[in-house]
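Please model the entire structure based on the sequences and the hints provided.
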Amino acid sequence: MKVDALETLGLHFALLSLFAIGGAMAVVPEMHRQVVDVQHWMTDRQFADLIAIAQAAPGPNIMVVTLIGYQVAGIGGGLVATAAMCAPSCLITFFVSRVFDRFKDAQWRIVVHAGLVPVSVGLFAAGAFVVARAADRSLLAVVVTLATAAVAYFTRLSPLWLFAVGAALGYLGWL
Amino acid sequence: MTDLPAAPLAEAAAPAVPPPPPSLSELFRAFLLMALHGFGGVLPWARRTIVDDKRWMTPQEFNEAFAVAQFLPGANVVNLAVVFGGRLHGAAGAAVALGGLMLPPTVTMIVLGALYARFGDLAALQRVLGGLAAAAAGLLAAMVIRMGQPLLREGFLPLVVAALAFVAIGVMRFSLPLTLLVLAPLSIALAAWGRK
Chain G
1 MKVDALETLG
11 LHFALLSLFA
21 IGGAMAVVPE
31 MHRQVVDVQH
41 WMTDRQFADL
51 IAIAQAAPGP
61 NIMVVTLIGY
71 QVAGIGGGLV
81 ATAAMCAPSC
91 LITFFVSRVF
101 DRFKDAQWRI
111 VVHAGLVPVS
121 VGLFAAGAFV
131 VARAADRSLL
141 AVVVTLATAA
151 VAYFTRLSPL
161 WLFAVGAALG
171 YLGWL
Chain Z
1 MTDLPAAPLA
11 EAAAPAVPPP
21 PPSLSELFRA
31 FLLMALHGFG
41 GVLPWARRTI
51 VDDKRWMTPQ
61 EFNEAFAVAQ
71 FLPGANVVNL
81 AVVFGGRLHG
91 AAGAAVALGG
101 LMLPPTVTMI
111 VLGALYARFG
121 DLAALQRVLG
131 GLAAAAAGLL
141 AAMVIRMGQP
151 LLREGFLPLV
161 VAALAFVAIG
171 VMRFSLPLTL
181 LVLAPLSIAL
191 AAWGRK
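In the order they appear, the protein sequences are chains G and Z.
Numbering follows this note's numbering, with no gaps: position 37 of the first sequence is 37.
Numbering follows this note's numbering, with no gaps: position 69 of the second sequence is 69.
Hints are computed from structural coordinates only; laboratory data are not their basis.
For every residue, glycine included, the Cβ atom is placed at its ideal position computed from N, Cα and C.
Just so you know, not all the hints are guaranteed correct.
[To be verified] Which stretches of chain G does chain Z cover? Using the computed rule of at least three CB atoms under 8 Å from a CB of chain Z, they are:
no., segment
1, 25 to 36
2, 43 to 57
3, 91 to 105
4, 133 to 145
5, 161 to 168
So this is what it looks like as structure tokens:
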């Protein structure tokens, strides 16, 4: 059972790694679909919890895969998920970046980049939307999300303060 | 590094003379520290360390390395470690930078994952995490706005592409690989067409 889960997890994340255009958030909806809807490894709430923990802790956002892997299959799951999510894209980056410098100013590279940027923005927005839908289970939670977005956008306040306020409101049972 | 007896000038000239490239162990240490500092994103710390503190890259070089990292699939800062480490020391450099960057957060996440598995069902913790999750979603929403703003200057079509990607993945929940196989070539073709 655990070995099956490890294999599925590893293969699935390794594939996703190749489609993470613009960063980790691009693959969050697909991850959510796989681990919550298809495999039933966790609930919607647990998924939102893990995203929140990964965001509040230091380190790249992609580290949520370690938490998901742990939730599915313990330490082995965490390590397999992390390696699967990094190895394919890192290998591509390593080999492609060596030839890429030559095409720094090539027209095709500028065009491909210009074409991928709007796709990656849309994917990031989709990731944020899926996270918000999983996280906001009450009207007040939606208000906290919107207020946090506004403060984060208009001020340079450290995200840690925003997390602290959210956590405190949650603890008081307002959400 | 040179024999010029120009001690008083040394400070003023410093930015022009790049320091020696870091050794493998320096590289590991630098990325390890970046990862430990990286509350709210590692990237600002990477820039500060590589460009400002150590002067291993000029801002221009950093931007180019980051453009490559962003362009290729994968987490941006993870790719950046591979590009930077690889440029300095080949495969060993890439592996060392990646290892330094990934070690602290992997350990942190495994510890947090274990705590969550054990205590995640406590009512008080559930309430706190619910609040954290609502705030986390808000931070992501703010990032979406920041990322989307430059698109507004690019005209109508890129916004349509972004909206299509959002609906296909976020609302319709289509498969990511299939969506990208359709949308990425379409968007690149539109970009090529727009440049003519």
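A quick look at each hint next to the structure:
no.	hint	in the structure
1	25 to 36	holds (count 6)
2	43 to 57	holds (count 12)
3	91 to 105	holds (count 9)
4	133 to 145	holds (count 8)
5	161 to 168	holds (count 6)
Comparing the model with each numbered hint stated earlier shows that all of them hold.
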